[in-house]
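Asker: Here is how the chains run, residue by residue.
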Amino acid sequence: MRYVGRPVPRLEDARLLRGRGRFVADLAPVANVHHVAFVRSPHAHAEIRSIDASAALASEGVLAVVGPEDGRRWLRPFSVGVDGAEPYWPMAIGRARYVGEPVAVVVARDRYLAEDAAERVRVEYEPLPVQMEVEGAPVVTSRSFRFGDPEGAFARAAHRVGATFRFPRYSSTPIECYAVLADWSHAEEEVTVWSNFHGPFVMQPLIAACLGLPENRVRLICPPDIGGSFGIKSGVYAYIPLVALASRLAGVPVRWTADRWEDLVASQAGTDRVTRAEVAVDAEGRMTALRLEITDDVGAHLRPPEPATLYRCFGNLTGAYRIRDLAVEARAVLTNRPPTGLNRGFGGQQLYFTLERLVDMVARRLGLDAAEVRRRNLVPPAEMPYRTPLGGVYDPGDYPALLDELLARADYPGLVAERDRLRAQGRLAGVGMAMVIDPSGTNLGYIELARTPEERSRGLGKSGCTESATLTMDPLGNVRLRIATAPEGQGHETVAAQIVADELGVPISSVRVDAGVDTAAQAWNVSSGSYSSRFAPITSSAVIRACAALKARLRAIASGILEASPDDLELVDGSVRVRGTDRALPIRRVAGLAHWDPGALPAGVEPLLHVTASFSSHLARSPGQDDTVDSSICYGAVADLCLVDIDPETYEVAIRGYWTVHDSGRILNPLLADGQVMGALAHGVGGALYEELVFDRAGTPLATSFADYLCPTAREIPEVHIHHRHGETPFVPSGARGIGEGNSMSAPAAVANAIADALSERGVEITELPVHGSKIWKWLQETATAR
Amino acid sequence: MRSITLRVNGRPVTAEVEPRMTLADFIRERAMLTGTHLGCEHGVCGACTVLLDGASVRSCLLFAVQADGREVTTVEGLARDGELHPLQRAFHVHHGLQCGFCTPGFLMALAELWPSRGLVGREEIEEVVSGQLCRCTGYAGILAAAYDAFGVA
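Chains as they are written, first to last, in our numbering: chain P, 1 to 787; chain Y, 1 to 153.
Heads up, a few of these hints could be off.
[Stated by the list, open to error] Output of the computed footprint for chain P on chain Y, the stretches with three or more beta carbons under 8 Å from beta carbons of chain P: (1) 40-48; (2) 69-78; (3) 87-98; (4) 121-130; (5) 134-145.
Simulated from the structure, these hints should not be mistaken for lab results.
Idealized CB from N, CA, C, for every residue including glycine.
Start from the sequences and build out the full structure, keeping to the hints where you can.
Answerer: Spelled out as structure tokens, the structure:
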């Protein structure tokens, strides 16, 4: 191995550092592109009485105004993953249900003129009562699950520890906002769309159905560069039919580039959750049973893939712990907030905030150290691969060793002594940890859990994690790889090139990778895209499969000249060589032969140096009749420890040190792996301390700019000590698990546990995020009064 | 409409613009240099940072007419004769970028400080870096790159 496992700097950087990236707003693929601006509801809930677009239509440069009547006529509601739910139209038809919901689309010559005209569209609203509280909100989906004997376990428990936890709504605010360019062809009855969408491509059929087009007449093109997403841009799909319809009705190609206000109020956010949780504990501190009553606020519409936040972590709902009895209530409710969806960690940060806070509460109740309680409950290595009661199958890992390594790396006793030293100086200091199971490579079948086994039995099964890769070798032996991931900064081009170079035995400089997507020009399927940390386990494995297919063909082609069986040939150092000899042909000779002189090939040998291969794990199956599902293909483990120091006067929270240890299987590129860890951790710290999409009681969003939605800057992110335990997962050919989401799940819990430790002697318990100075002040006032 | 001429990366660019056109839009749509990115259009994220007569500015907060007759340097003007600027090289080596959308802003904000290298320390560099938003890197790679390029231990 020459490239994989090494810190190869990125190939993508050459263009991005020079300002030569190709983001959607930089593309001019067709002439006469016009711009759209949206008219959006200023009310969280209102009847739309009338719309008067005459003044807008008379404005300079305006071509069309697309209103609700056009939507009703030309579009169809998106299909929703739950039987009996309200249809979801991508624009307000009849009624607006959140502030920022699209009501009309204005098409004009440029963005300035479109925005001018949008202000001249007069909409008459009749405001309706708003639902902002999760409690009492209409339930759109609800399911009960029971595994083992939770009632018996709770009856036998020596201790029962429980609380209600509130996880906030936040986004990852990629710096590039949503962008769509649509070109409707009346002649071809087809639409071509350029967008910073990145999958899952299961949304492509949904877009086509919304537009009333066959799927092969919706061509989606995702450019090579997308300016971050962290899941948030998966939601741009809901805008694609609107921009496509604007192009159709205006008769010109149209472009929409969202601004930050639109991003914060009407793109997509992570799901806020209320969890009533209780754990049964025996006299030795072993957790035997868990009861979770989960309520997700999915906003005004159950927008696909919601209610997936409820189920993405279903297989790993018990985390790193050996808990065998469970009762789970999973429901989603509708409020007058914007729709939710994927956000880095997706379902994990909500789950582990609850689970890891509970573990610390158990420790405090029993007078045990937080690390000791975890040690007593971790799944032991002897039980690997471990099947959770919910059907998740954990690929082998040594969780106790991971915890021990964390405690050793961070010098846990030294850190506790440092905490005590700070406390002696009058600071509010605390130490907190978290251990999480980080699922990667989604089995899309988990979404079917929203339906009962009986409802599921009436339709086709759903499962899958398929990814594909196409390799083409030119006559000089250089290769071009095409994958369908539409990356947003993860460095897929680099890592895929490392893999191809190693597998084919060629220099990395002879490998080119295209990771952008064109649904009309490459292999893809509904699972394709970038989400749920699927590149390392799934896409990498598809690349390995494609290399194997190309190697087999090259061996067959070379076997004639080398007068050896293809089985005796190997690819090394840019040559095809007879194993154990020095008889070899340079790969470029073999490639040249196939391209220029196929007549000279052995009989029956395929001359085309162009192969497509796929990878899909047999572990990805639709849920069983007993409601178990292996919701992800791989499960990494992450252990975090941190020290927080709270100013006793301002209550400003500072993280003084942060350690994280990962078991992510094989590390394909350590430079990029650590970059993913840092990025995920920064999102976790943001969610724990700063970021929240706040609304007033009337449903008006209060965080509508970067002046009032606080993203961490370099000053707020602590120094982080990152360590990896090396090993390969046997579950996928690449041996690699995902790594880019774990700390988004663990950091909110670790920071919350540290703050809880800091405030423990003041009678404050942490059951909600974000925690910042004004909240701490309020809680301390309340406990002081209560005493 | 007004006719204005800006020198962008050393070349004169003349165009008829509306007074309300932002400098950022002028750079992207008149000078046709798309390396300058828009992330918030209200001056917080810093993705659109360029140098105006050597001083860093948020190009989303200025009108193009305000820059009439002045010298603008964008990220496309950093590399000389195909050679990356030391800041660009350091960002590459230290993995100081992921999606690359905010990167031109970080580079130009640090480029303002570049003539003072040797005189500035970690504090000044952190001050500049903390004026820009990046959502991918957690800033570790950016700070490492900047310290390295400025020769700050």
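Asker: Confirm or reject each hint.
Answerer: Checked hints:
| no. | hint | verdict |
| --- | --- | --- |
| 1 | 40-48 | holds (count 6) |
| 2 | 69-78 | holds (count 4) |
| 3 | 87-98 | holds (count 7) |
| 4 | 121-130 | holds (count 3) |
| 5 | 134-145 | holds (count 10) |
When the structure is compared with the earlier hints, no violation turns up for any of them.
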